[in-house]
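Using the sequences and the accompanying hints, generate a full structural model.
Same order as they appear, the protein sequences are chains A and B.
Each residue of the first sequence is one higher than the one before, counting from 1 in UniProt numbering.
Each residue of the second sequence is one higher than the one before, counting from 1 in UniProt numbering.
Worth flagging that the hints you see were computed from the coordinates, not collected in a lab.
Some hints could be false.
Because identical chains cannot be distinguished in the list, a pair is counted as satisfied if it fits within a single copy or across any two copies.
Cut-off 30 Å, straight-line C-alpha distance, at most; resulting in silico cross-link-like pairs (DSSO-like, lysine-lysine) [stated by the list, open to error]: (1) Lys18 x Lys48; (2) Lys18 x Lys92; (3) Lys48 x Lys92.
All values reported here derive from a predicted model rather than from experimental measurement.
Protein chains: 2
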Amino acid sequence: MTQWDPTLVTRAYALALKSFEEGGCPIGSVLVRGPEILGEGHNQRVQKGDPIAHGEMDAIRNAGRQKSYRDTTLYTSLSPCMMCAGTIVQLKIPRVVIAENTTFGGNEDFLRAHGVEVTVVNDARCIALMRRFIAERPELWNEDIAEE
Amino acid sequence: MTQWDPTLVTRAYALALKSFEEGGCPIGSVLVRGPEILGEGHNQRVQKGDPIAHGEMDAIRNAGRQKSYRDTTLYTSLSPCMMCAGTIVQLKIPRVVIAENTTFGGNEDFLRAHGVEVTVVNDARCIALMRRFIAERPELWNEDIAEE
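Below is the structure:
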């Protein structure tokens, strides 16, 4: 059984909830190196009008330039889309802890095929928040994942 | 034979050259819809300390929120890395014109397997600029593609 830190799943959820309360997409992420938080963030599509700032991307951006990601773990409130999964592989982030993949998913096998250790937590808070978001704001959600 | 616009390859090169002259990574990109330039940009790792702002990502970010990318084409001075290739697939950008894949590449088949039309131009200016960059600043280049 893989070890993961429940406080970091809670932090990813809190960032997702913050984004939701701001009118944005409720996905939050935290990039850590051991006990150190390198960067955290949330989806910025609404807040910054930035279509590439998914939660994972915002956390990686906020971590700034890194010579290596080989000893990092990315916690994210929602399963990574193809953009974020590609980024994880490109940066050689070796571990991803996904709070939930019930409301969105499908790139777990891609990540594993590239050697990434994937842990899915199935956090009830994150599932409920995404379900509420998708029900209340389907157009925004579809825009964020480029579904028409 | 796929049609592509040589002036947009030249624009991607000019953006790459601008970034190089600023001390940054020389990769530039332009996102277009028909004759309209939606966004253009270049690698911002050095200029903004932003590790996710490859040229392609910067152009897509600068294009702002789009409901759909299905009628867009991305011109880029260098073959997309896995992050940028994942982004192209996630956003369903249907066409990518790559100025060169001599100095870096490998994700063309991934793109094609996901239905993306890939055209490689092999632009001599872009090849020469990247060769000069890799020779002069190997550490920065390795950092940008997460090679140690």
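Evaluation of the provided hints:
no.: 1; hint: Lys18 x Lys48; verdict: both (14 Å within a copy, 25 Å between copies)
no.: 2; hint: Lys18 x Lys92; verdict: both (28 Å within a copy, 29 Å between copies)
no.: 3; hint: Lys48 x Lys92; verdict: both (27 Å within a copy, 22 Å between copies)
Of the hints listed earlier, there is not a single one the structure fails to meet.
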